[in-house]
Amino acid sequence: MRLVITDLAHRYPGTDVLFEHLSLAIEPGRTVAVCGPSGSGKSTFLSLVAGWEKPYRGTIERDGISTVGWVFQNPYGVASRTALDHVVFPLLAKGFSRRQAQEQAREELERFDLGYAAGRLFRELSGGEAQRLMLARAVCSRPDMLLVDEPTAQLDTRSARSVAAVLGNLAGQGMIVLVATHDPKMRDACESTIDLADYAPAGIVEGPEEAQGVAS
Amino acid sequence: MKFSSIWSEACRNVASGASRAVLFLLAVLICALGLGGVELGSITSLEQQAAQRIAADADISTVIGGKVDGTACDRLAGSGPQASGAMRTGPSVRLLASTGRELSSYEVTPGMLAILAGSGQKADSTGVWVSSLMAGDFGLSRSSTFETTSGRTHVAGVYDWPRDGRDSRFAYSILIPVSPSSERFEECWARRWPVSSGTDQLLESTVIATGSATDSNIAISRVNKGFDQHYDAASSYLGRPSRLAGLLGLVAGVLIGFAGIWRRRLLYAADLHSGQSKADQLLEMLCEEAFWAWTGVVCAVVLLAGAAVRLVRSDPWAVWAASVRPVCLVLCGVVCAQCVTCLCVRQSQLFRLFKNR
Ligand SMILES: Nc1ncnc2c1ncn2[C@@H]1O[C@H](COP(=O)(O)OP(=O)(O)O)[C@@H](O)[C@H]1O
Ligand SMILES: [Mg+2]
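Protein chains in written order, with our numbering: chain A, 1 to 216; chain B, 1001 to 1357.
Since the hints were derived computationally from the structure, they do not count as laboratory data.
It is possible that some hints are incorrect.
With a cut-off of at most 27 Å between alpha-carbon atoms, the simulated DSSO-like pairs for lysine-lysine come out as follows [what the hints assert, rightly or not]: (1) Lys1002/B to Lys94/A; (2) Lys1355/B to Lys54/A; (3) Lys94/A to Lys1225/B.
Given only the sequences and the hints, what does the whole structure look like? Please build it.
Written out as structure tokens, the structure is:
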């Protein structure tokens, strides 16, 4: 399983180029932080990687990656159903019985410090709790590649640190994990970093010697 | 995904209020019941109109202005009209019981008695027939006798001839059966339900052509002129405004079904993203739908059956079946729209749906 990006550049029709000459290869076992200031194209980069947006230039090969999980910047869910139900669903979809699924889902909730909220309705969760719930749900569906967009934006410092730690460890389970963030704590928790600022178009941010590299 | 999981997810969505089952149930019930009710009401009133016409003999036509062949006239019954018979003015009759009062009489063919005989009554031509009004005045009934200046007369039948707009000549008179082949008659009557234009030609065919100018006086008239002459039960059924109820039901169903999925499209896309297959999602959706769409439709169908049994006199089940049509179309619209909308929600839209949320 391998994600290979070659000479990627992207711009939306009628806007400036967000980044260019971005080449790198990512293998499972490592959580990669995608950094950059707001508006630098982090979310766009993730959607290109997911294949939901066509690159302006360059190629993205998803070698052996068949399922992609997304965790959006803002949590969403069924207001009137419990936190546990949200996490159980991907396991039911995998064919587990509800009993087995609930057992696993509780473990996953514990991992994100949400064990106490399993029985609460989604609408009763705080922003941070809901965000962690989204992570637990995404992890439960065990995608080959997990894309997480600004996971700590909604979180206070303490839970941001624990989420960062959990995400940092996720890659150990054989997933490719990319986390878009501008939070230094999150960035520190990841083994490697892609800074989109390094790939900003020549002449706008940096000189002609553009950084070229494999995330390491 | 196990079916038990699909089913329990559907139940939890309904129980938690995520699928707004009560709201959608009410929407389906109101649409189905409203449209089915309009259809039921309008068919019932058409039916009553028809029943009223039949009761008032509005479906009897007559040919006037010529000389009629009584045998030909009697023979019309069976070749289209249900009953037919000829009549001509008879001698006035003086009852001994009534001091010198003259009563009008008409000579009629046996076929005419078949027109006048009510249901279950035999067209007995062994004696005279008197109108019920006259029978009341003189204390006559079937098989009683009365004396006239020309002898004893036997009553073979009493016929009803209410004053509801019909030809008043028979309202207070004595009808004397005669042989159809005797002389010529003045008018030929024929009952035909449902009304058919062919009847007019049949009636005209019983008139004996004289070759004189009087032939041009021949006209077709109605025995009861109090009703619309151009009444056509079939076309007024086909042209009833409530026939659009079916179409409206389909449209309402489509809108309801579409709304049910559309408001949750982000969550449907997210479920696909969580690994649910489209087939499982479709099944889960149909299970949820069973709670409100089918329940609503079953309630409407049962309520309409109750209304039909109470309101419709002749054939409640036929009218019920017609009124259930728009109800079925509501359901059809809901199911189709839900399936199509559900199939249109794809995982790849999640990003866009999320952004547009
Ligand atoms: N669909 C789109 N069409 C045009 N411009 C877009 C679209 N999506 C994002 N952008 C623009 O691209 C830039 C990068 O956006 P985004 O990837 O969301 O940045 P980040 O996630 O780093 O904050 C922004 O300037 C944004 O306005
Ligand atoms: Mg973003």
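We went through each hint and held it up to the structure:
1. Lys1002/B to Lys94/A: holds (9 Å)
2. Lys1355/B to Lys54/A: holds (17 Å)
3. Lys94/A to Lys1225/B: This hinted pair is violated, its Cα atoms lying about 77 Å apart.
Checked against the numbered hints above, the structure breaks only hint 3 and satisfies the rest.
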